[in-house]
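If you read the sequences in order, they're chains A and B. The first sequence: position 79 = 248 (this note's numbering), numbered continuously. The second sequence: position 54 = 52 (this note's numbering), numbered continuously.
For the record, the hints were derived by calculation from the structure and aren't laboratory data.
What the simulated footprint calls covered on chain B by chain A, stretch by stretch (three residues with Cβ under 8 Å from a Cβ of chain A suffice, anywhere in the stretch; the number is not a length):
no. : region
1   : 9 to 21
2   : 54 to 65
3   : 86 to 95
Derived CB-CB ranges, DEER-like:
no. : chain 1 : residue 1 : chain 2 : residue 2 : range
4   : A       : T302      : B       : E35       : 41 to 49 Å
5   : A       : V297      : B       : S0        : 34 to 42 Å
6   : B       : H75       : A       : D243      : 41 to 49 Å
7   : B       : E73       : A       : A196      : 35 to 43 Å
8   : B       : S50       : A       : G273      : 23 to 31 Å
9   : B       : I3        : A       : N245      : 38 to 46 Å
Glycine included, every Cβ here is placed at the ideal spot set by N, Cα and C.
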Amino acid sequence: MQLKNKFTMTLIARSTNESFARACISAFASQLDPTIEEINDIKTAVSEAVTNCIVHAYKEKAIGKIYITAILNDNNSIKITIRDKGCGIENVAKAMEPLYTSIGGERAGLGFAVMESFMDNVKVKSVVGRGTTVTMLKKISPRISVNG
Amino acid sequence: MSVEINVTREVVTAYLGGEIDHHTAKEMRETIDNAVELNMPTLLVLDFKDVSFMDSSGIGLVMGRYRNLMKTGAELHIMGAPPNIYKMLKLAGIERLAKLEGR
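Make the full structure from the sequences, and use the hints.
The following block contains the structure:
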């Protein structure tokens, strides 16, 4: 599996950057000629991961950075890594349970469930006090061109 | 992001538009809650026809409004959800809380 293209970006953990991050990734992923549904899946998963950094890792203080890397592979897949240096998650398995939320209120507790449902593979690595890394993979279905 | 409120008798309809995420959901929530508090409807309709994107913050928005409406026994309907929004609402099992209609 060879690398076809790669981009990295660093964002300040501000909520205005949620839409910016998913717009960037969707523009980059469009090189793989995804369907509208596939692009929407990627945008949604990225939005969830970036929101987690802002809301949980950095506790909505708009300080701290979010590090995003996206790699296009020549097997028509995209691998997205979203990393923060925030508070970390004590119990990753529990955090990934659908409807679990550490803060309640207006959060549905579905962030990781959405990522897992919309992407082909999701891995979460976290160290308390050091930060969290979410790695997601999405295969883009090959499209048959008009010219065969 | 936009919210337009329409009130007829005991029904408050909120026409949502644009992208719903953690950043935009806050303002939408305030606008909807103000209209509900002011009009005390028996039915709140959330119209998603013009929503182009929604992550789980939109689910939080729906669940939060449902919890508020339960206090007065009012009902919640969700209308006009485009396919991508409908997919998210179904994933969250929103049809157990509200009458759900796609586009």
